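Novice: Sequences and hints are given; from them, build the entire structure.
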Amino acid sequence: MEREVRVRFAPSPTGPLHIGGVRTALYNYLLARKLGGKMLLRIEDTDQNRFVPGAEDYIRQSLEWCGIELDESPWNGGPHAPYRQSERKPMYRQYAQQLIDSGYAYYAFDTPEELDAMRARLTAAKVPNPQYNSITRAQMRNSLTLPAEEVKQLLEGGEQYVIRLKVPRKEEVRFNDLIRGWVVVHSSSIDDKVLMKSDGMPTYHLANIVDDHLMEITHVIRGEEWLPSAPLHVLLYRYLGWEDTMPQFAHLPLLLKPDGTGKLSKRDGDRLGFPVFPLEWHGKDAETGEPTVSSGYRESGYLPEAFINFLAFLGWNPGSQQELFTMPELIEAFSIERVSKSPARFDQNKVRWYNEQYLRAKPDAELAQYLTASLQGQGMTVPTDTAEQIAALVKERATFPADLAREAQLFFARPTAYDEQVISKKWNAQVAGALLEFARQLPGAPDATPDGIKALLTQVLEAQGIKIGQVLQALRVAVTGAGAGPDLMHIMSILGPQETAARIEQAVAQLPTA
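Quick note: to get this note's numbering, add 41 to the position in the sequence shown (first position is 1).
Just so you know, these hints were derived from the structure itself, not from any lab.
This one's a predicted model, so the numbers in the text were calculated from it and none came from an experiment.
Derived pair list, reagent style DSBU-like, types lysine-lysine, alpha-carbon separation capped at 35 Å: (1) K304 with K207; (2) K325 with K307; (3) K75 with K307; (4) K304 with K75; (5) K211 with K130; (6) K495 with K467; (7) K304 with K130.
Specialist: Below you can see the structure in the form of structure tokens.
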């Protein structure tokens, strides 16, 4: 019988969720939904020293904002609860003991000083990567080197110890990565990792394998930084007798900083002025303890669907020219085989482009809600139908929702300055006279639609023998102060005949014609 596809996202609550973590969650979600499976979230909090208050709730809010739905989690439960590793602590001991009883793990009683001395000896001997392994363990204090009676006395006497995996000395460890193909590592390069710490908490390696097995995980999709640990995990599956149900591994490519020189970090975002977290994060400086605020995509005005579409393409491509995908379309198009093994370079201009596309595609009624909310924050109100007209007119000049209100300011305040370059080239007594006549006739015009206003302007100019091209840019400056912008006839229609006429009269009165 074919197993149900089950994937997991397993973040640690040690701070805000980096966008690389969001991408990992997204790819897990897309694969699960594509294959009709389940996605769960497990909080990996075995390292209590690094726990940061508020980080878990931040993870939950971030995934909710992104539209990544969880079938099982600490917050909505599931058949494999609890979903926090700290709450699963009692169950790990039996598996560590199983490994000891079967000869695949051992007790190590080395003190920190003894470990430091071992590393110092290896460093002095020019060993490039000092580690506790199949060679060095023979000179250390552990249950492989001490007499059985002494080991028993140490355990019964409460001596502190850790449990280490007994890695074979000469063996090739291999597995087939869904992205990278066959990975082969010699066991001599793997150290005897600690599986159970002296405080009784499991390390990531043991807890991760036990939980993935008990939670029936079929695919482990995670960042490239975990690739060196994968051979160790393969050994654990084998030694625990779970090789037949071992999940398939897929290690995602790194996210690089914009210049492609290294892994994208918060420092890069701060330096270059873009967020690297989905939501704003309020934390503390590691050195001074002073409060800090890190920007988030949500608070910076990015739409979740644009953010997700952008992230999906950081390491994956659909094999077509299509760039805009809704979440259902991403699910339909996604395949892990089309994820690249090469690092993906972060491009802030591209995520802005995505935001523009999604913002401008929204219904005018929805854009009007953004606009009115921003205006209300500035103490201004505008009728709903007018807000929709303004939003429709200015949206092509907006990247973020807040841009709508900025672009709309011309409708709520008369110009206080005029584009000098346009005035110097286009403004003269003839133009000013023609515009003044147009302003005189405007309030009585029978048709204040854009077409009606243009018809009246054409009529006035023809009567004075002036071509419309001679006047349009000067008229725009008179009405808005700027030499370029949205469609001028629509601007005047929204302003209304009286306000448009008043603005023209103000410009004629203020601008020299000589």
